[in-house]
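*Asks:* What follows is the residue order along each chain.
There are 2 protein chains.
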Amino acid sequence: MNQNVRIMDYAIRGTISERADEIEKELLKGEKKPFNKIIRVNLGDCHAVGQIPITFLRQLLATCTYTELLKSSSIPSDVKERAKIILQSCTGGSVGSYSTSSGIDVIRQHVAKYIEKRDGHRAYTDNIILCAGVAEGFKTILKLFKAGVDCKNPGVMIPVPQFPLYTATLTEYGISRIPYFLKESNFWSLDMDHLKDQIKIARSYCFPRAIVVINPGNPTGQLLTRENIEDLIRFAYKERLFIFADELYQDNVYDSKFFSFKKVMIELGEPYNKMECASFMSASKGYTGECGLRGAYIEVFNMDTEVKEIYKKLLNTSLCSPTLGQVAIDAIVNPPQKGEPSYDLFIQEKTKVLGDLKIKAKMVVDAFNSYDGFKCNPLQGALYAFPKITLPPGALKKAEKKKILPDVYYCKKLLEKTGIVTVPGSGFGQEEGTYHFRTTILPPVEVLQEMLKLFQSFHKQFFERYSKYDI
Amino acid sequence: MNQNVRIMDYAIRGTISERADEIEKELLKGEKKPFNKIIRVNLGDCHAVGQIPITFLRQLLATCTYTELLKSSSIPSDVKERAKIILQSCTGGSVGSYSTSSGIDVIRQHVAKYIEKRDGHRAYTDNIILCAGVAEGFKTILKLFKAGVDCKNPGVMIPVPQFPLYTATLTEYGISRIPYFLKESNFWSLDMDHLKDQIKIARSYCFPRAIVVINPGNPTGQLLTRENIEDLIRFAYKERLFIFADELYQDNVYDSKFFSFKKVMIELGEPYNKMECASFMSASKGYTGECGLRGAYIEVFNMDTEVKEIYKKLLNTSLCSPTLGQVAIDAIVNPPQKGEPSYDLFIQEKTKVLGDLKIKAKMVVDAFNSYDGFKCNPLQGALYAFPKITLPPGALKKAEKKKILPDVYYCKKLLEKTGIVTVPGSGFGQEEGTYHFRTTILPPVEVLQEMLKLFQSFHKQFFERYSKYDI
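Residue numbers (the working numbering), protein chains in the order written: chain A, 6 to 476; chain B, 6 to 476.
Here chain A stands alone, though its shape is the one from the complex (with noise of 0.2 Å):
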C-alpha cells in the first residue's frame, strides 16, 4: 500500500460528512433529533441546495447532446447557433467523439477571446487546456513538479488556509508542502516578509518549484488587491516559482475588483511578463455553479516548451475531458449578447443569483459577528465564511477528553444539535491555537436565515454550557 495514499485525506468530505449521511438515513427511519433535516453547507455544491441552472447553459448542452432539438422551436436561435458551431468543431459532429486532449477547438478559440476581453490583452488558444474540473487539471500541471533525476525534493508554496485539495494532492505525489499563512488580522492579506521567511526555512529541507495562490480566497473569502499581487508576482520572480493560480471564483466577487495574475504581470513589464503561470477557472463555481458536469479550464502562460510539450503528451493519456463539461464553458465565456433571444434573462438569471449572493455574503458575516466569541472578515469573494471562534475552556477540555480537535468537537456539536454541516478550520489549516470551521452561503436566503436563528441558539447554549463546565 502506498504509505502517500494512506495518510491523504480530504476533510471536506470527511467525518462530519459522513456522520451528516448517517443521520438523513437516521431521520428517515423516524428517529427523533432536535432538528427535522440536515442542512448542507459544507461542500461549494450550488445546485445541491438550490441554486437554479441557467438556462441558456442547459439548453446549449441538451440542443448539442439531442440535435433534433435543433429543429425545435422551443429552443431560441442563438443557442440552436452556438450548438452548431459547436457540433461542427467536434470530429464526427458529435459530442460523443473525443475532443483533442486539450480540448474541443472552437471552445477553446472562445475561452482565449473571453480572456482576452477580462484583461485587456492577448490570450491564444494554444495556451488554453479544458479540464474535467480545477483539481484534475492542477493535478496534471503537478505531476511535472514531481520529483525526478533533476530535482530530488521539490517543494510547492501553499496558503494557509486552503483548499484541502491541494494539500491533498501534494502528500499523494510525495512533494513537500511550504505553508505560508494568510494574515487574518488584515484581511486574510499576504505577508510578504513571512512568505520571505517561510521559503528560506523550506530551504533547508526541499527545493521550492512553486506557489499556489488562491483568489478569491478559499476558504477565507479575501480579494488579493492589485499591490499584494504585484508583491507575489515580484517574491515568485526572484525565488524562482512557477504559480499556480486558482481563480476559481473570479465571477464571485462583492464590492471590490478581481485582477488575474496574468493581467498583473503583464502590466508590471519586463522581466515578469516572462514568468510561468497556470491560471484555473470552472463552470463549479460562478453563477452557472454546474459542479456535476465538470467543466474547467486552465491558462498556462509562458511555459517553458520542452515542459509544455511533455505536458500536452500527459494530457493524452487521459483522453479528453467531458465534452459536455467543455461546452457548460462555452456557455460561460460566450454568452448570449445584447439583442439576441436569450440575453434578457440569461442577464436575469445570473444577476439574481451574484446578486442574491451578495445580500447572503453580508448577512452571514454580519450574523456571525454579532455572536459572543465570534470574529469574521468581511466576505469579498468566493462563497464560504470562515469565522474565528475563541472556544470556552471547557470545550477544549472536552475535546481533549474525547481525543479530537476542538474545532471538530464544535462542528460535531453543531451538527448533532442543529443538522448544520459544516468543515472544521482544521481541514484547512489554521494558526496553532486559532478555531475556525467554514460554511458556504449557497442555500437560498431563507433557508439561510433559518440557519442563522438555529445556529445563534446552539452557539449560545455551547457557550453557556462549556463557560459553567467543571475545568
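Keep in mind the hints are simulated off the structure, nothing from the lab. Careful: at least some of the hints might be erroneous.
Think about it this way: if two alpha-carbon atoms lie no more than 30 Å apart in a straight line, the pair counts; the simulated DSS-like pairs of lysine-lysine are [to be verified]:
| no. | chain 1 | residue 1 | chain 2 | residue 2 |
| --- | --- | --- | --- | --- |
| 1 | A | K318 | B | K407 |
| 2 | A | K403 | A | K393 |
| 3 | A | K118 | B | K34 |
| 4 | A | K318 | B | K30 |
| 5 | A | K151 | B | K85 |
| 6 | B | K317 | A | K418 |
| 7 | A | K89 | B | K85 |
| 8 | B | K318 | A | K34 |
| 9 | B | K317 | A | K317 |
| 10 | B | K313 | A | K144 |
| 11 | B | K317 | A | K408 |
| 12 | A | K262 | A | K122 |
| 13 | A | K34 | B | K37 |
| 14 | A | K317 | B | K407 |
| 15 | B | K30 | A | K122 |
| 16 | A | K30 | B | K85 |
| 17 | A | K76 | B | K357 |
| 18 | A | K118 | B | K30 |
Simulated restraints, written as ranges between beta carbons of each label pair [what the hints assert, rightly or not]:
| no. | chain 1 | residue 1 | chain 2 | residue 2 | range |
| --- | --- | --- | --- | --- | --- |
| 19 | B | I364 | A | L32 | 52 to 60 Å |
| 20 | A | S209 | B | H199 | 48 to 56 Å |
| 21 | A | E311 | B | F192 | 38 to 46 Å |
| 22 | B | E23 | A | E121 | 21 to 29 Å |
Quick reminder that beta carbons are idealized off the backbone N, C-alpha and C, glycines included.
Please arrange chain B on chain A, whose structure you already have, making use of the hints.
*Replies:* Only chain B this time, still in chain A's reference frame:
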C-alpha cells in the same frame, strides 16, 4: 522534471496521428496529395467516423439536463420516467450538483442489477463505482499498488500486445511491468506455461501484485475461452495477484460468448470466489460509442475492507465523475424494455450498430488475409484488427537507415500514400522480429471497403518496391 512522466508515451495519439493532423491542414490549404481525405482508423472513436448515437441515450441525457423537456411531447414517456428517477437521486434534483464520489446512487443500483442479470450472480451497489472512463478508473485503483513501505518494488503483469495506456500508467507510477505474451499462433490465447515463466523471472526484480487481462482483447480482438479464464484465475490465486479485468468490449462480441471474470470466479467456488478483482466497463464502446461523455463503471469484487476504505478516500479527492457520463451508463444498464415506447427504435439502432460491426469484422480480416505477407487472426470481439505483416528485407533496411522501427515506417508510408491513419504494432508491444499494426473496424461499411481497396493497392506497391530494393 519527473522522469517517469518524461519517458511515458501514448502511441495511439503519437507521431503518426500528429502527422495526420498536419496533412489534414495541408489538404485544406490545397496541397496536392495522392488522396483527398484522411481516414482515421487509429482511435476507437466511434462517432468520429460516423457511428450514429443511440436516440434513447441522447434523449435521456437531454431531458436530465434541460428539464423543460419533461413537459415536451417529443420525448417518449419511458425516457421521462427514467430521467425523473435519476434526477430524484441527484442532490437538489440537478445533474449540476456533485454526486458522491462513487456516483449517483440509483445508477449504481441499476448497474448492480444489470451485472446480476448478465452473470446470474448477486452484485452489490456498494461495489459499483462510476468513473470518468476506464483509464481513469484503472489509475485510481492502481495507485493503491504504488511503491510503499510494505512493498518497495511492486510489479503488475500486463499482456503484450496491450492497450498502451496500461503501460503508460505503470511507467508514470514507477511500477514494474511484467509482460506476458499472447500466443498469436493460437488466436492470441493465453499460454499458461509462459505466464508461469514470466512471473518467475519477475520475482527476481520485483514483487508481483496484480495482473491485467483485456477480454475481449485490445488490440488483438480475441475472446478468452472459459477454460482460459479458469486457468488464469487459478494462476492468479496461486501467485496472489489482484485481477484487473478490462471487460470494456463485452458487448462487442462476434459469434462467441463472453464470460466475465467475476462469473467464472464465483462458479469455480472456493477458494477462487474469494479472490480480489476489479472489472471495467464503459459507455465509450459497445453499441453506444459515447467516448466524449466519459462514462464508465467499475465493479470491485472482494476488495480487502481496509483497502476499500482507502480507495474510497482516494476517490473523494476527485470529487465525482461527470454526472452526464453517469447518465450515459444508466442508459446502457437500464435500457428500454419490450412494450415501452422507446423499445423498437432502440433495438433497431442497437442491432444495426452491432450487426454492421460483425460484417466489418469479417470483411477486414478476409481482406487482410488475402494480401501477400499478411496474417490476421479472426476477430472474435472488440473493434480492432491487428494483422501481422512480414515486411520485405528492403523495407527493413530502409527503416534502419531512417532510424525508425519497421512497423512505424510502414504505417507512415501508408499514411503519406493513402491518408489512412493506423497505429504501429510497436505501440502495443509485439514479439521481437514481428511487425503489426492496429486498425479499427469502425468506419461505415462503404468507407471501409474504399479503405481496403486503397490499402491493397498501397500494400502491393510497397511490397513490389521493397522486394526489388537493392539490399
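*Asks:* Would you mind confirming whether the straight-line C-alpha gap from K318 of chain B to K34 of chain A stays at or under 30 Å?
*Replies:* holds, 27 Å
*Asks:* Taking 30 Å as the top limit, are the C-alpha atoms of K318 of chain A and K30 of chain B close enough?
*Replies:* holds, 21 Å
*Asks:* Between K89 of chain A and K85 of chain B, is the straight-line Cα distance small enough, at 30 Å or below?
*Replies:* Since the Cα atoms of K89 of chain A and K85 of chain B sit roughly 25 Å apart, the hinted pair holds (cutoff 30 Å).
*Asks:* Is K318 of chain A close enough to K407 of chain B, meaning Cα to Cα at most 30 Å?
*Replies:* holds, 24 Å
*Asks:* That 38 to 46 Å hint for E311 of chain A and F192 of chain B (C-beta), does it hold up?
*Replies:* holds, 44 Å
*Asks:* Looking only at beta-carbon atoms, does the pair E23 of chain B, E121 of chain A fall within the given range of 21 to 29 Å?
*Replies:* holds, 28 Å
*Asks:* Going straight from one Cα to the other, do K317 of chain B and K317 of chain A come out at no more than 30 Å?
*Replies:* With Cα atoms ~29 Å apart, K317 of chain B and K317 of chain A stay inside 30 Å; holds.
*Asks:* Given the hint that K317 of chain A pairs with K407 of chain B, does the C-alpha gap stay at or below 30 Å?
*Replies:* holds, 26 Å
*Asks:* Determine whether the Cβ-Cβ distance between S209 of chain A and H199 of chain B falls within the hinted range of 48 to 56 Å.
*Replies:* For S209 of chain A and H199 of chain B the Cβ distance comes to about 52 Å; the hint holds.
*Asks:* For K317 of chain B and K408 of chain A, compute the direct alpha-carbon distance and say whether it is at most 30 Å.
*Replies:* Distance of about 25 Å is within 30 Å: holds.
*Asks:* Is the straight-line distance between the alpha-carbon of K403 of chain A and that of K393 of chain A 30 Å or less?
*Replies:* holds, 19 Å
*Asks:* Holds or violated: are the alpha carbons of K317 of chain B and K418 of chain A at most 30 Å from each other?
*Replies:* holds, 26 Å
Hints 5 and 13, counting from the list given before, are not met by this structure.
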